[in-house]
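Peer 1: Each chain, letter by letter, is given below.
Protein chains: 4
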Amino acid sequence: MEKGRLEAFSDGVIAIIITIMVLELKVPVGKLGADISALKPLFPVFVSYILSFIYVGIYWNNHHHMMQAVESVNGAILWANMHLLFWLSLVPFVTAWMGENDFARWPVTCYGIVLIMNACAYTILLFALIRHHGRNSVLAKAVGSDWKDKISIAIYATAIAISWLNSTISFILYIVVACIWFIPDKRIERQLVGEEPPCEK
Amino acid sequence: MEKGRLEAFSDGVIAIIITIMVLELKVPVGKLGADISALKPLFPVFVSYILSFIYVGIYWNNHHHMMQAVESVNGAILWANMHLLFWLSLVPFVTAWMGENDFARWPVTCYGIVLIMNACAYTILLFALIRHHGRNSVLAKAVGSDWKDKISIAIYATAIAISWLNSTISFILYIVVACIWFIPDKRIERQLVGEEPPCEK
Amino acid sequence: MEKGRLEAFSDGVIAIIITIMVLELKVPVGKLGADISALKPLFPVFVSYILSFIYVGIYWNNHHHMMQAVESVNGAILWANMHLLFWLSLVPFVTAWMGENDFARWPVTCYGIVLIMNACAYTILLFALIRHHGRNSVLAKAVGSDWKDKISIAIYATAIAISWLNSTISFILYIVVACIWFIPDKRIERQLVGEEPPCEK
Amino acid sequence: MEKGRLEAFSDGVIAIIITIMVLELKVPVGKLGADISALKPLFPVFVSYILSFIYVGIYWNNHHHMMQAVESVNGAILWANMHLLFWLSLVPFVTAWMGENDFARWPVTCYGIVLIMNACAYTILLFALIRHHGRNSVLAKAVGSDWKDKISIAIYATAIAISWLNSTISFILYIVVACIWFIPDKRIERQLVGEEPPCEK
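Residue numbers (this note's numbering), protein chains in the order written: chain L, 1 to 201; chain D, 1 to 201; chain G, 1 to 201; chain A, 1 to 201.
Any copy will do: because identical chains look the same in the list, a pair fits if it lies in one copy or spans two.
With a Cα cut of at most 25 Å, we get these calculated SDA-like pairs of lysine to any residue:
hint: 1; residue 1: Lys31; residue 2: Ile162
hint: 2; residue 1: Lys26; residue 2: Trp106
hint: 3; residue 1: Lys40; residue 2: Ile54
hint: 4; residue 1: Lys40; residue 2: Phe86
hint: 5; residue 1: Lys150; residue 2: Met67
hint: 6; residue 1: Lys141; residue 2: Ser72
hint: 7; residue 1: Lys40; residue 2: Trp106
hint: 8; residue 1: Lys40; residue 2: Ala157
hint: 9; residue 1: Lys3; residue 2: Arg135
hint: 10; residue 1: Lys148; residue 2: Ala121
hint: 11; residue 1: Lys26; residue 2: Ile116
hint: 12; residue 1: Lys40; residue 2: Ala161
hint: 13; residue 1: Lys148; residue 2: Arg131
Don't read these hints as lab results, they were simulated from the structure. Here the structure is a predicted model, which is why all the values come from computation and not from measurement.
Using the sequences plus the hints, can you model the full thing?
Peer 2: Next comes the structure, spelled out in structure tokens:
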């Protein structure tokens, strides 16, 4: 099966997820709705929106990189991808919950749980792709030891535990993971380049 | 006519349908909005969201499989596809209605009716495609006797009837149909593979 | 310039327009929210949703047919297309307004005005395309005398005038136009077929 | 890396941004909801919707033109594009805020700030693309001295300053910038044409 429609469908879903989050920035109305002070209560919602925008952007970015190294898909991959999209679709909910409650303990914990589930779903999709393409494929070589996945899940878990003491530290830890992933997965890019010009040597 | 834009448009509509359902998970606000107990009333909404996410995922998956075996489309196919999208577009409404009323009798009945209409619309689209490609096409051979379609419509009808006695059993029956369809339509995949490598024999 | 992205963007916008209309079907809540009688006030909203779904479907369908005969686009065409999308984007608003006010006089009038503007925008796009491709292009020949466009604008105008006497008749006239357009623009299809296989003769 | 998915994802996000703005046109309800006078309070919302529709249309248009001259993308370009989409995603919020407060001082100021940030993000994306393709690429030659970018940022800044005296003048200045950009970036089109048919001379 071709990968084209899986990419198009994922692009569509991720585009909607990243955009509907902005709907949580509710327009201030009423007597003081036109004043700059009306934006103040929106500030935590805006901060959590920025973080989630970057997170969803990272997932799209890595999905893009991963799919570049893919040649075809099968039924298991379609469902592994759908599973990832499911957990991504919960990001707007936990983002809004966290933002509207000033980074309180429980919303911050749930945000971390959704991030962990996304990381797991991404890993499952990666495994499904590697299994389909074989241990010697570009993808399998490119990924190698996925320390980034493991370290981010560890930081998420720490953040969830710490949220019971101080949820601000948890939020900072989520930012740290975003920074780690900000740089797209160079491994796949390098592997692809390394494979394509064999005439160069 | 080419099938490209029909696929792109369907992908777009299905991507939006699957994503707007999450908007029904209304963010808890108020004094206790930050507590984990605030999520409790959202539980049935979340459960019905998961089921509908899987159902819409199944339809996208099978649409993807079906279109792989299609070479071109005509006016009748465009409208049969639009008809399927119409019934799919009602899934978010019945999902939210069912979830927000704790799986009460009437919402569960209507959910079943929308599922039956979707199954019928899918079958009509399949017939329109087979009629356009001929009785000897890959698609016609691949589909063969569509026991899955018939059995799921029968289970839906049973679930609707039972909903008057016990709507929980109806909901379990909907899950059963989802499990039956979870595995993508291997028939088309097999038929396509059987055609493509004739050199293998 | 290539037409690919214009098609993709239009597909995206039309897919969203057709899907957000369903959000006007507000889920009934409250004590009697789970009863079938709770759906009764939604009935006119549902009826107007069906009509608009078909209208937007017709526009997508004809857009699809028209673009098949197009080879390239220019700046004027991009803006003519954007203009059409603008008027299409107002369809959800007038649909909801008409449905939630039981087909009252003013909403029915405005619905008709938006339909007229859509018809005009479509004609402008067609002219921009013909001007770019030349009087002897497939498109120009295919369209010929566009009696359908003219007749539907005439019926829309009649419906708007009649809405001051009886808005139900206006609504029926809108259904009549939808029926006229239901069949996709065979002219372009025929013209394309007539051009492509010159070896057949 | 191929540019296809970046285009598709951007198309998706921009299509959603341009369409969700219409959701701010809240359907009038209540006793006088069916009267034409019910549309009167929506008028400033509608006017700001039109302006933002044109602005987002301009960005899509120029994005389209810019990407035509692009051959491949890298990680930096993906993030520069995501950055542009972030600022575009704030347009619906400031549009609604401005429209619902009758073009009051602060909303008009914020609208201008978001427009400036969009202009900057677009310029950053342009620089990232030129850096990737080289100083002698079609794109670099096509853009040349970008007086339009500079002039529009200057007008935005003026509009923000003036909004403290008279926010209506600011709004008119925003319309002026839209008029400047309305014509798509001919430079790229000309450069592309100039390159492709070398046989013509």
